[in-house]
Amino acid sequence: MHHHIALHELILAIVIVLILVLLLIITVLGYSFYSYRILHNKHSWKEIIEFKIMETIVGNDDRSDSDKGFAEHLREPSFRALFLDVLVDSDRKFSGAAKQSINRLFRDFELEDEAWRKLRHRSGYLVAGGVQELAAMNVEAAIPEIMEKLNDPRTAVYQEAQYALVSFKGYEGLGFLDHFNKPLSDWQQLRLLYSIHDIPEQADLQVKDWIHSKNDSVVIFTLRLIRKFRLMTLYTLVFSLLEHPSINVRVQAVRTLQAIESSETIQQFIQGFDLQPLAVQNEMLKAMKMIKSKESEHFLKELLWNHSPVSIKISAAEVLVVLGEEHYLREISQGGDTYDELRQIIKHALQEKKC
Amino acid sequence: MLILIAEDDELVLRTVEHKLVKEGHEVVLTRNGREAIEKINELDLDLVVTDIMMPFASGIEILSAIKRVGKAIPVIVLSSMGQEEVVVDAFDLGASDFMVKPFSPNELILRIKRIKNK
Numbered sequence: 048m049h050h051h052i053a054l055h056e057l058i059l060a061i062v063i064v065l066i067l068v069l070l071l072i073i074t075v076l077g078y079s080f081y082s083y084r085i086l087h088n089k090h091s092w093k094e095i096i097e098f099k100i101m102e103t104i105v106g107n108d109d110r111s112d113s114d115k116g117f118a119e120h121l122r123e124p125s126f127r128a129l130f131l132d133v134l135v136d137s138d139r140k141f142s143g144a145a146k147q148s149i150n151r152l153f154r155d156f157e158l159e160d161e162a163w164r165k166l167r168h169r170s171g172y173l174v175a176g177g178v179q180e181l182a183a184m185n186v187e188a189a190i191p192e193i194m195e196k197l198n199d200p201r202t203a204v205y206q207e208a209q210y211a212l213v214s215f216k217g218y219e220g221l222g223f224l225d226h227f228n229k230p231l232s233d234w235q236q237l238r239l240l241y242s243i244h245d246i247p248e249q250a251d252l253q254v255k256d257w258i259h260s261k262n263d264s265v266v267i268f269t270l271r272l273i274r275k276f277r278l279m280t281l282y283t284l285v286f287s288l289l290e291h292p293s294i295n296v297r298v299q300a301v302r303t304l305q306a307i308e309s310s311e312t313i314q315q316f317i318q319g320f321d322l323q324p325l326a327v328q329n330e331m332l333k334a335m336k337m338i339k340s341k342e343s344e345h346f347l348k349e350l351l352w353n354h355s356p357v358s359i360k361i362s363a364a365e366v367l368v369v370l371g372e373e374h375y376l377r378e379i380s381q382g383g384d385t386y387d388e389l390r391q392i393i394k395h396a397l398q399e400k401k402c
Numbered sequence: 018m019l020i021l022i023a024e025d026d027e028l029v030l031r032t033v034e035h036k037l038v039k040e041g042h043e044v045v046l047t048r049n050g051r052e053a054i055e056k057i058n059e060l061d062l063d064l065v066v067t068d069i070m071m072p073f074a075s076g077i078e079i080l081s082a083i084k085r086v087g088k089a090i091p092v093i094v095l096s097s098m099g100q101e102e103v104v105v106d107a108f109d110l111g112a113s114d115f116m117v118k119p120f121s122p123n124e125l126i127l128r129i130k131r132i133k134n135k
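Taken in sequence, the protein lines are chains A and B. Residues 48 to 402 in this note's numbering are what the first sequence spells out, letter by letter. Residues 18 to 135 in this note's numbering are what the second sequence spells out, letter by letter.
Take these hints with a grain of salt, some might be off.
Stated by the list, open to error - In silico SDA-like pairs for lysine to any residue, Cα to Cα no more than 20 Å straight-line:
1) A:LYS216 to B:PRO119
2) B:LYS118 to A:VAL133
3) A:LYS348 to A:ILE307
4) A:LYS275 to B:SER97
5) A:LYS146 to B:ASP26
6) B:LYS118 to A:TRP352
7) B:LYS118 to A:LYS333
8) A:LYS275 to B:PRO119
9) A:LYS93 to B:GLU34
10) A:LYS336 to B:PHE108
11) A:LYS339 to A:VAL368
12) A:LYS216 to A:HIS226
13) A:LYS140 to B:LYS56
14) B:LYS56 to B:SER97
15) B:LYS39 to B:LEU127
16) A:LYS140 to B:PRO72
17) B:LYS118 to A:ASP233
18) B:LYS130 to A:VAL105
19) B:LYS135 to B:ALA89
20) A:LYS341 to A:GLN314
21) B:LYS130 to A:GLY143
22) A:LYS140 to B:ASP25
23) A:LYS341 to A:ALA306
24) A:LYS275 to B:GLU34
25) B:LYS39 to A:LYS89
26) B:LYS118 to A:GLY217
27) A:LYS275 to B:ASP26
28) A:LYS339 to B:SER97
29) A:LYS275 to A:PRO292
30) A:LYS275 to B:VAL103
31) B:LYS118 to A:VAL135
32) A:LYS146 to B:ALA89
33) A:LYS89 to B:ILE132
34) A:LYS146 to B:VAL103
35) A:LYS140 to A:HIS244
To be verified - Which residues of chain A face chain B? A few of them, derived with a C-beta cut under 7 Å, are:
36) VAL105
37) ALA128
38) SER137
39) ALA144
40) ALA145
Worth flagging that the hints you see were computed from the coordinates, not collected in a lab. Ideal placement from N, C-alpha and C gives every residue a C-beta, glycine not left out.
Using the sequences and the accompanying hints, generate a full structural model.
Written as structure tokens, this is what we have:
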């Protein structure tokens, strides 16, 4: 059975399509305008919020008018959310009295409830935000719930929980390292390290456990901790890590040995030098450059003449320059029996010094 | 003192500005390294407070620029955590002091006073 499309049906179809296209255009334009308004609002709101924070930090004496205007804005939920975000961000920029002023803002504008809501949300991003905010507000009542987040499978959540616990408890907050089996990123290590301002006297025992951790990133973090707090009593333990299967751990161990150096460090580096891979050898030479001990002079001169890789010879020459052996280096670079490559290496080391 | 602040974070910039003005200093604000270098060449500054990481030119490039023009301007460097090696470079280039963010604006004022009294 054939059905012929009549002209009026065709016109009707075209009109319907045109109406749909028009509706689509209106929707897209409406959405773009809405997004633009949000963006514009966010930009101007951010300025208002930052001004408020700045005013609180520097202590403006005449704030009653601006407080009223600010309270008006706070009725808008998106403004409150942005205020909370900017406050948390600002909390990471300032310390001392300025940080206390920021914490006062959290309390004055009763932002705690919002942070609790986020902490109990399903989305990982919001949970991490809630943890961050409660830590920034120093809400100690949140500690038990934040501790539960340490076992959350989502990276953003457990990382924020680790950081929050260290912010709350300092060194004690590092207890999670006892059983932590995921990689602790470099960034996270630094964040944690900078949040610990002191370490208890009896910390050695726990630090010893972490240094034996099967998680290399925990070992590396512990080495950084030893460096930061100059835990000299752990020197022998750190030295034993020069036999660790991970090259990265060995490199960090060399840096730590240099930081907590003893009268034997240089000799130990010299004796163990040939047993180490190139990356560790280079680190040992960097350490010798920092220690600047004449004890290493003879060894470094030998490195220049033996069959060491070029990078080792360059580093050795640079340490000799630091030790004040420029005259010796100039002499051998002009000597007739010096091969061309060594001449270039010495030239490079002497030029580095000039720079 | 005429102090130049080079900082791309608006809140830090404004906070430091207000603190310094309250202390009776004159302040020049720049939001990127290139602008800061221009001001260093143009003005007779007493002190520079600069962030390490900035658009167009870093704090290190600002220190190099000061060294290049031969001006003896004390510089306080603001760095973030994890930038220790850059801070060492900054000291090699003549930085007078450094502060790690998060930092206390009050402490910055004290350090400026110390530099002024030297």
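A quick look at each hint next to the structure:
Taking the CA atoms of A:LYS216 and B:PRO119, the gap is near 18 Å; set against the 20 Å cutoff, the hint holds. With a C-alpha separation of about 16 Å, the suggested pairing of B:LYS118 with A:VAL133 holds against the 20 Å cut-off. A distance of roughly 26 Å separates the Cα atoms of A:LYS348 and A:ILE307; the hinted pair therefore is violated under the 20 Å criterion. Distance check on the hinted pair: A:LYS275 and B:SER97 sit about 16 Å apart at the alpha-carbon level, within 20 Å; holds.
With a CA separation close to 16 Å, the supplied pair A:LYS146 and B:ASP26 stays within the 20 Å bound. For the hint pairing B:LYS118 with A:TRP352, the CA-to-CA distance comes to about 46 Å; that exceeds 20 Å, so the pair is violated. Among the hinted pairs, B:LYS118 with A:LYS333 is inconsistent with the structure: their alpha-carbon atoms are about 27 Å apart, more than 20 Å. For the suggested pair A:LYS275 and B:PRO119, the alpha carbons sit about 18 Å apart, so the restraint of at most 20 Å is met.
Of the supplied pair hints, the one linking A:LYS93 and B:GLU34 holds, its CA atoms being roughly 18 Å apart against a limit of 20 Å. Of the supplied pair hints, the one linking A:LYS336 and B:PHE108 holds, its CA atoms being roughly 17 Å apart against a limit of 20 Å. Proposed proximity of A:LYS339 and A:VAL368 is supported: the alpha carbons are some 10 Å apart, at most 20 Å. Simply put, A:LYS216 and A:HIS226 have alpha-carbon atoms about 18 Å apart, close enough for the 20 Å limit, and the pair holds.
Restraint check for A:LYS140 and B:LYS56: the C-alpha separation of about 26 Å exceeds 20 Å, so the hint is violated. This hinted pair does not check out: B:LYS56 and B:SER97 have alpha carbons roughly 24 Å apart, beyond 20 Å. Under the criterion of a C-alpha separation no larger than 20 Å, the hint pairing B:LYS39 with B:LEU127 is consistent with the structure, at around 13 Å. Distance restraint check for A:LYS140 and B:PRO72: the Cα-Cα separation of roughly 18 Å lies within the 20 Å cut-off, and the hinted pair is therefore satisfied.
Taking the CA atoms of B:LYS118 and A:ASP233, the gap is about 18 Å. The hint holds against a cut of 20 Å. A hinted pair counts as satisfied when its Cα atoms are at most 20 Å apart, and B:LYS130 with A:VAL105 qualifies at roughly 18 Å. Among the hinted pairs, B:LYS135 with B:ALA89 is consistent with the structure: their alpha-carbon atoms are about 13 Å apart, no more than 20 Å. For the suggested pair A:LYS341 and A:GLN314, the alpha carbons sit about 11 Å apart, so the restraint of at most 20 Å is met.
Between B:LYS130 and A:GLY143 the alpha-carbon distance is near 18 Å, which keeps this suggested pair within the 20 Å criterion. Annotation: proposed proximity of A:LYS140 to B:ASP25 holds, straight-line Cα distance about 13 Å (limit 20 Å). Proximity of A:LYS341 to A:ALA306 is assessed by CA-CA distance (about 18 Å); at most 20 Å being required, the pair is judged to hold. Taking the CA atoms of A:LYS275 and B:GLU34, the gap is near 32 Å; set against the 20 Å cutoff, the hint is violated.
Simply put, B:LYS39 and A:LYS89 have alpha-carbon atoms about 30 Å apart, too far for the 20 Å limit, and the pair is violated. With a C-alpha separation of about 18 Å, the suggested pair B:LYS118 and A:GLY217 falls inside the 20 Å cut-off, and the hint holds. With a CA separation close to 28 Å, the supplied pair A:LYS275 and B:ASP26 exceeds the 20 Å bound. Between A:LYS339 and B:SER97 the CA atoms are separated by roughly 28 Å; this puts the pair beyond 20 Å, and the hint is violated.
The hinted pair formed by A:LYS275 and A:PRO292 fails the criterion: a straight-line CA distance of about 24 Å is larger than 20 Å. Between the alpha carbons of A:LYS275 and B:VAL103 the distance comes to roughly 18 Å, so the proposed pair stays at or under 20 Å and holds. Taking the CA atoms of B:LYS118 and A:VAL135, the gap is about 14 Å. The hint holds against a cut of 20 Å. Between A:LYS146 and B:ALA89 the CA atoms are separated by roughly 33 Å; this puts the pair beyond 20 Å, and the hint is violated.
With a C-alpha separation of about 40 Å, the suggested pairing of A:LYS89 with B:ILE132 is violated against the 20 Å cut-off. Proposed proximity of A:LYS146 and B:VAL103 is contradicted: the alpha carbons are some 26 Å apart, above 20 Å. The straight-line distance between the Cα atoms of A:LYS140 and A:HIS244 is roughly 17 Å, inside the 20 Å bound, and the hint therefore holds. About 4 Å separates the beta-carbon of A:VAL105 from the nearest beta-carbon of chain B, less than 7 Å, and the hint is met.
At about 18 Å, the closest approach between the beta carbon of A:ALA128 and any beta carbon in chain B exceeds 7 Å, and the interface hint on this residue is violated. At its closest, the beta carbon of A:SER137 sits 6 Å from a beta carbon of chain B; the interface hint therefore holds under the 7 Å criterion. With 7 Å as the threshold, the beta carbon of A:ALA144 comes within range of chain B, its nearest partner Cβ sitting at about 6 Å, so the hint holds. Checking A:ALA145 against chain B by beta carbon gives a least distance of about 5 Å; that is within 7 Å, so the hint holds.
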